[in-house]
Amino acid sequence: MAEQTVLKLDRVSKSFARIERDEITYALGETSLEMRSGEFVSIVGASGCGKSTILRLIAGLIVPTMGAVTVNGQPVDGPDPSRGMVFQKPTLFPWLTVEKNISFSLRIQKKLDGSAEKVERMLRLIGLEEFRDDYPAQLSGGMAQRVALARSLISEPGILLLDEPLGALDAFTRMNMQDEILGMWQGSQQLVIMVTHDVDEAIYMGTRVIVMEARPGRVRAEIPVELDYPRNRSSAQFVGYRNQILEMLHYGAKES
Amino acid sequence: MLNKGQSGRSGNRLVDMRLQGNRPGDADAAGRLTREQLQLLEQRKKTPAQRAMDFVITLLPMLCCLIAVLEYLLVPDRYDNDAPERYLVLLVLPAVIYAVFWAVSLSRLKSTSRLYQRLRYKAPLYAAVFLLLAVFDFATLKTGYLTQPFIPWVNSIINAAIGDWQYLGISTLYTLRLLFLGYFSGVAAGLITGIACGYSQKVRYWVDPIIRILGPIPTATWVPLVMILAASLFGGSVFIVALGTWFAVTIASMTGIANIDRSYFEAARTLGAKGSQLVFRVAIPQAMPSILQGMTQGMSSACVSLMVAEMLGVEAGLGWYITWAKAWAMYNRLFAAIVVICLVFNAVTKSLNLFKKRVLRWQEGMVK
Numbered sequence: 000m001a002e003q004t005v006l007k008l009d010r011v012s013k014s015f016a017r018i019e020r021d022e023i024t025y026a027l028g029e030t031s032l033e034m035r036s037g038e039f040v041s042i043v044g045a046s047g048c049g050k051s052t053i054l055r056l057i058a059g060l061i062v063p064t065m066g067a068v069t070v071n072g073q074p075v076d077g078p079d080p081s082r083g084m085v086f087q088k089p090t091l092f093p094w095l096t097v098e099k100n101i102s103f104s105l106r107i108q109k110k111l112d113g114s115a116e117k118v119e120r121m122l123r124l125i126g127l128e129e130f131r132d133d134y135p136a137q138l139s140g141g142m143a144q145r146v147a148l149a150r151s152l153i154s155e156p157g158i159l160l161l162d163e164p165l166g167a168l169d170a171f172t173r174m175n176m177q178d179e180i181l182g183m184w185q186g187s188q189q190l191v192i193m194v195t196h197d198v199d200e201a202i203y204m205g206t207r208v209i210v211m212e213a214r215p216g217r218v219r220a221e222i223p224v225e226l227d228y229p230r231n232r233s234s235a236q237f238v239g240y241r242n243q244i245l246e247m248l249h250y251g252a253k254e255s
Numbered sequence: 000m001l002n003k004g005q006s007g008r009s010g011n012r013l014v015d016m017r018l019q020g021n022r023p024g025d026a027d028a029a030g031r032l033t034r035e036q037l038q039l040l041e042q043r044k045k046t047p048a049q050r051a052m053d054f055v056i057t058l059l060p061m062l063c064c065l066i067a068v069l070e071y072l073l074v075p076d077r078y079d080n081d082a083p084e085r086y087l088v089l090l091v092l093p094a095v096i097y098a099v100f101w102a103v104s105l106s107r108l109k110s111t112s113r114l115y116q117r118l119r120y121k122a123p124l125y126a127a128v129f130l131l132l133a134v135f136d137f138a139t140l141k142t143g144y145l146t147q148p149f150i151p152w153v154n155s156i157i158n159a160a161i162g163d164w165q166y167l168g169i170s171t172l173y174t175l176r177l178l179f180l181g182y183f184s185g186v187a188a189g190l191i192t193g194i195a196c197g198y199s200q201k202v203r204y205w206v207d208p209i210i211r212i213l214g215p216i217p218t219a220t221w222v223p224l225v226m227i228l229a230a231s232l233f234g235g236s237v238f239i240v241a242l243g244t245w246f247a248v249t250i251a252s253m254t255g256i257a258n259i260d261r262s263y264f265e266a267a268r269t270l271g272a273k274g275s276q277l278v279f280r281v282a283i284p285q286a287m288p289s290i291l292q293g294m295t296q297g298m299s300s301a302c303v304s305l306m307v308a309e310m311l312g313v314e315a316g317l318g319w320y321i322t323w324a325k326a327w328a329m330y331n332r333l334f335a336a337i338v339v340i341c342l343v344f345n346a347v348t349k350s351l352n353l354f355k356k357r358v359l360r361w362q363e364g365m366v367k
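Chains as they are written, first to last, in numbering that gives the first Met the number 0: chain A, 0 to 255; chain B, 0 to 367.
In case anyone wonders, no lab produced these hints; they're calculated from the structure.
Heads up, some of the hints might be wrong.
Distance condition first, Cα-Cα at most 27 Å in a straight line; then the derived DSS-like pairs of lysine-lysine [to be verified]:
(1) A:K99 / B:K273
(2) B:K121 / B:K349
(3) B:K273 / A:K109
All figures in this text were calculated on a predicted structure; none of them were measured in a lab.
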């Protein structure tokens, strides 16, 4: 994890063939992006703008129609634990305890050396040591999402992909989790890429906000957020960023 | 900190006071309520009349046992009855065990309140069983209202079971052997085809029509054919038992795998799972509830085809014992075999349920 990771999307586009009608959906138009270790990139946009598609391309869950996704020059070929992903639904395996869910990735890769200590550290990190033997059905939404985070982080991924990870949580849990995720990121050299539809969240967390537009999905603007952490949601600069982005998304105050 | 402790303690005293109004029981040392205490607090208080009624009801099984014993001893027998004391043991032993539990539950110790509630719940059922036994004995041994010798009285069934225990035991072992061999090979084959069908479109294309056409035919239908074709009678009967199980498990695991939530696969793949790991670590565990349901269905189908196979062709096992006893008009042995079948199949189903509970303890609602 010490080495610098450079992620490049080189003129990537993605289209899906619709099954029911003889139609092609252009999910993502030609897009080029570059991100590197230590960045926290937020991607905002209305639904259907291809923001999740970008994450899934980087994760390797889907293959680009044109162009290439590369990590340190190596093309992405299928999913890999070095690119961890957390989904909007926690997708914890309900038949495994919290502890087994967290260690899933290590067990599957047969990296069992020191796995007990790693699991221990993760449980401490998310503050759920007492719940190690519980099953996901017993956890609250916020707890489940913390476990999902730990499950990805245990492989020490250089790139962490967050696909609206806080979308299903209540407002208070959400704000707490934002700070927790920021804390985890600040303690590492990771590249975190987070998709969200919450403009405030994007500005509060990101070092850079990528604003996307729909039909076809494309990048409208890249806005570096030059504010120190922890950020004040009601400061003038913060509100300035918010207005700028909302305007780009056509939700800005209309001039009469 | 101090404040908290005090308020906790005084709150606890309140609880104790209310509990004394009902059945007593102290909250544990930590001051937490047990589940029964909580129930007692929340339910409406029982009137003295209701509590007296509960007490009488818990007495009923012993009373009814007494009635059954008196009926057996005092009404004159119409038929010869060997070793009459055996039925008495069967009657009195459970009643004595019940009486012991009953006495313990009255001791008003903390942990016995739940036992008392349980006894109160079960008492009418136990009482009815004793009454039924008394009526049955009256209608058979005492009067012959139920035609003799086709419906033997309980003591003669006991005598038959004890007198013929070796033969009955061997038959039971044969039945169990056939059941387990057939059942487990059926489950194994069913898992393989079911999971393959659920996973691969190609396999399903070829297997699905076979299941659709052959599935609705009851497996017992094949018995005569298999008896002729099979190289060995035993192999044939294993096949018959396995067939029904195979069918049930195949369908269940196929639907189980086909209905899997795709997002679990994506999550597993980003965590590094590939190929067969996706099958064994994600697909099968997730389809497990469905698979186990198929296994339960398969068990009942296996039991049915087992009996049919034994009655029609196989010359061993409890099914064969029943036809044999019928042929020699030994109806008490026939009934003894039926009782053993009831016990065996109950035990098998019960252990399967325990297994199911253990494997599926992660499911919502199953989780404590």
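Check your understanding: Any of the earlier hints contradicted here, and which numbers?
Key -> Per hint list: zero violations.
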